[in-house]
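Trainee: For reference, the chains in residue letters:
Protein chains: 6
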Amino acid sequence: MIFITRRETFSASHRLYNPQLSEARNLELFDKCANPNGHGHNYVLEVTVAGEPQEETGYVIDMKRLKDIIRRELISKVDHKHLNHDVDFLKDVIPTSENIAKAFWNVLKDKLGDAHLHSIRLQETENNSVEYRG
Amino acid sequence: MIFITRRETFSASHRLYNPQLSEARNLELFDKCANPNGHGHNYVLEVTVAGEPQEETGYVIDMKRLKDIIRRELISKVDHKHLNHDVDFLKDVIPTSENIAKAFWNVLKDKLGDAHLHSIRLQETENNSVEYRG
Amino acid sequence: MIFITRRETFSASHRLYNPQLSEARNLELFDKCANPNGHGHNYVLEVTVAGEPQEETGYVIDMKRLKDIIRRELISKVDHKHLNHDVDFLKDVIPTSENIAKAFWNVLKDKLGDAHLHSIRLQETENNSVEYRG
Amino acid sequence: MIFITRRETFSASHRLYNPQLSEARNLELFDKCANPNGHGHNYVLEVTVAGEPQEETGYVIDMKRLKDIIRRELISKVDHKHLNHDVDFLKDVIPTSENIAKAFWNVLKDKLGDAHLHSIRLQETENNSVEYRG
Amino acid sequence: MIFITRRETFSASHRLYNPQLSEARNLELFDKCANPNGHGHNYVLEVTVAGEPQEETGYVIDMKRLKDIIRRELISKVDHKHLNHDVDFLKDVIPTSENIAKAFWNVLKDKLGDAHLHSIRLQETENNSVEYRG
Amino acid sequence: MIFITRRETFSASHRLYNPQLSEARNLELFDKCANPNGHGHNYVLEVTVAGEPQEETGYVIDMKRLKDIIRRELISKVDHKHLNHDVDFLKDVIPTSENIAKAFWNVLKDKLGDAHLHSIRLQETENNSVEYRG
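Protein chains in written order, with our numbering: chain A, 11 to 144; chain B, 11 to 144; chain C, 11 to 144; chain D, 11 to 144; chain E, 11 to 144; chain F, 11 to 144.
Hints may contain errors.
For chains that are exact copies, the list does not tell them apart, and a pair is met inside one copy or across any two.
Unchecked claim - Think about it this way: if two alpha-carbon atoms lie no more than 25 angstroms apart in a straight line, the pair counts; the simulated DMTMM-like pairs of lysine to aspartate or glutamate are: (1) 101 x 72; (2) 101 x 41; (3) 101 x 124; (4) 87 x 18; (5) 42 x 120; (6) 101 x 62; (7) 121 x 33; (8) 77 x 102; (9) 119 x 33; (10) 74 x 41; (11) 42 x 89; (12) 42 x 124; (13) 77 x 89; (14) 121 x 66; (15) 121 x 41; (16) 77 x 41; (17) 77 x 136; (18) 42 x 65.
Quick caveat, the hints were computed from the structure, so don't treat them as lab data.
Extracted from the complex, chain A is given alone in its bound form (with noise of 0.2 angstroms):
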C-alpha cells in the first residue's frame, strides 16, 4: 500500500455563524471568528489517495490527473470564493475547517477511479488543521 499526497492551495473568506442561534451566542462561540463581514485565509489542501503501483507506470495514481480532478471539482468551486455565499455544496454548513474538509470528502470520493480516497487534511493557518479519513 502506498499513499500519494497531491498539495493544493486556495484563498477564500468565510464566516463562523450559526444562523439558528442568537448574535449573542454566536459571538461567545466563535468570538472573531464571527465578524459579519467575514474574513479569510490561504487554505492548504493535502488530498491522499492509496493504492499498489501500476506495472506499465510505476504509478498509484497519474499525480497530473489527480491535480486535474481536485481542481475541476474543488479548488475552481471554492478559490477566490466567500464558503459561506459561493459554493452549492457548502450551502447549509457551518465553514469550519472539520465541516469544509468532510464536505470535500463527498464530493471527491466517487470521483478517483481505482485509486481509493484515503485523507483529506485542511490546514487553515500554520498554525491550525484538520484531517478527516472518511
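Use these hints to put chains B, C, D, E and F onto chain A, whose structure you have.
Mentor: Showing chains B, C, D, E and F alone in chain A's frame:
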C-alpha cells in the same frame, strides 16, 4: 547599521474593486479578485527597523516592544476583518498588497521611538509579496 | 472521526545526560548533546485530538480553547526554560524528544474534556522529530 | 510506541520512461516527465522508525546513528546522481516516487538493528509526495 | 517605490562542466556536480519588479500578468528540461545558479512594459541561493 | 554584482543578562530571556557574499568552499554550545542576535579570499531575525 525584522500574521478578507469604475471594467482589471462576496488570505507581515544596538542591552529595539506595537497598531485592526469595510485607515483605498503596505507604513512610522522604520513586507500568498521602503 | 492539530512553538535549553552513568559513558552516548553548559532548540509542538464535530458549532474542539489549554499546561512551563532544571514534570527524566513527548502526553491527557488526545508530535530541529500516540 | 523521523535531502535527476513501450505511449503516459535528457528534483526523504525509548538513554534510536545509516545506505548512492543510470538498486524500475520509496524500504529494512522501520516518505516537489509503509 | 515579488518553481537537471577544461580539472572544480549523467533540482525563482502603484488599480503590475510573462518566457523553457542541452538561452554557459540568474535577467528585462526589473533570485537548494540585480 | 547566500543552522543556548546591572534591572530589560538557567534556539544563519562569476567556473565562490569556511569558523564554535560560556569570540558581549551577527561578521570578514562579505542574517525564531551589513 543593523536591521531587525519582526514577523506577524493575520487573516483577513478583501475585494479588489474600484468604485469609480464600471462592473465590467472592474472584472476586466481584477478578474476573480473582484468576486462580490470577497475572498481572503493569511497575510504574513514583516516589519523591519534599523538602528545601532544599545550598550546596555545589545538590542536595537526590544523585540517584545516591537511586537506589542505592531499588534496594537496593526494586527488588532486587521486580523479577522474585511479590509474594505472594517478598517479605518484603509477606508478609501483599493486594498491591494501595495496599498496595504503603504498604509501600514503610515500608521507605524511615528510609533517606534528612536528606531527607524526601514521596510514593510507583506506576503499575500506563498507566491505573491510586496515590499515598501517609504 | 476528525483529527484536529494545533501547532505551538517554544524555545528551551537542555542537556542529554544520565546522572547514573560516568562522564565518559555520557559522552560516548550523547556526544555533543552532553555539553555541560547545555544547548537549545526552537521546539515545534503539534497536539492532535480526535472526535466528531458538534452540531451546534461544527467544531470538534474550539481551537482557541485547545490553544489556551496547551499554553497554560505546557508552553508556559517550558518556554524560555532549561528542561533539566526548571520543569517539574521533567525532573527525573533525560530530556530527549521521546521523553518530553511522553511527559507532555501525561500532562495533557486528562485536561481536554470530551476531546480525545490522539498524538503529541515534537520537532527538535528541522531534521529530527518524534511522535507519541499514548 | 514512539515514532522517530529523520529528514534528509538529495538532488537527483530522472526520466520517467518504460523501455518496453513505444515512444508515443511513453509520451502519452509521462508527458514532460519523459523528456529524453531528463529533469531533476530536490527530493526530501523522511525515514520513520518505531520503538520504545531505552532506559539508559531515553532514545528509541540515536538520531546520529540513524542519520549515518541513511546517508551511507541511501543518500550517498542517489545524491547528485541520475536515478535511471547511476543507482544499482534502481536499475530495473521506472524511477517514480512510488518505486523509489519501495526500493529505499528494501535497502533499509534490515540495517536498523533493534529499531523497526515504519515508513519511507518521499517528497518530489512541494506539492507531490508519497509514503510507503512496507 | 514598491517592490513586487512573484515566486515560481521549476524542476530541471544540469551538469556543471566546462568543455574547455580536462575531465580531471572539471572534477577538481565541480566535484559531484560534474557527474556525467547530471543531477537535478527543484529551483525556486523569485522575480522582483519595482514601481509606483497605478491610481486606477492600486497595482504596480498585475500579478497575473507578471506570472504569465514569467511562465511564458522562462518556466516553459526550463521546467522538466536539462539545462545544458534543452534551453536555447543557456546554450553556451555553464549552468551555475549565477549564470542562470543572469540569463533569466537578460530574457526578462525588456518584456515587462512600464515595470522595472529589480532582481532575479534563484534558490537551487534550501541552503544555496543567488540574487542578481542587473 | 551577484549575491550568493549560504544557509546553515545551529542549536545553542544563551541567557540575556548584563552583569553590570542588578538582577532587578536585568529582569526588567530581558524578562523571561534572563532566566538564570538559560534557554535556547535553533538559529538559522545566512551568509551573503558578493562578487562577479569567474570565467572558468561560473561561480562567484564555490558553495562547498563557502560552506566549509562557515562551518569551520562559526558553526563548529557555536553548535550545541552555551553562547555565554563556551564561545571565545562572544565572551564579553550580551548574546543578543544583534551582537552575535556583528561578532560573526568580524570572524568571517577576512576569511573569504576574493569574495566580499555582504551580510550576516541571523534568525533566532521563525518570527525574529536580524541582518548586519558591516
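Trainee: Identify every previously stated hint that the structure contradicts and give their numbers, smallest first.
Mentor: 3, 5, 7, 8 and 9
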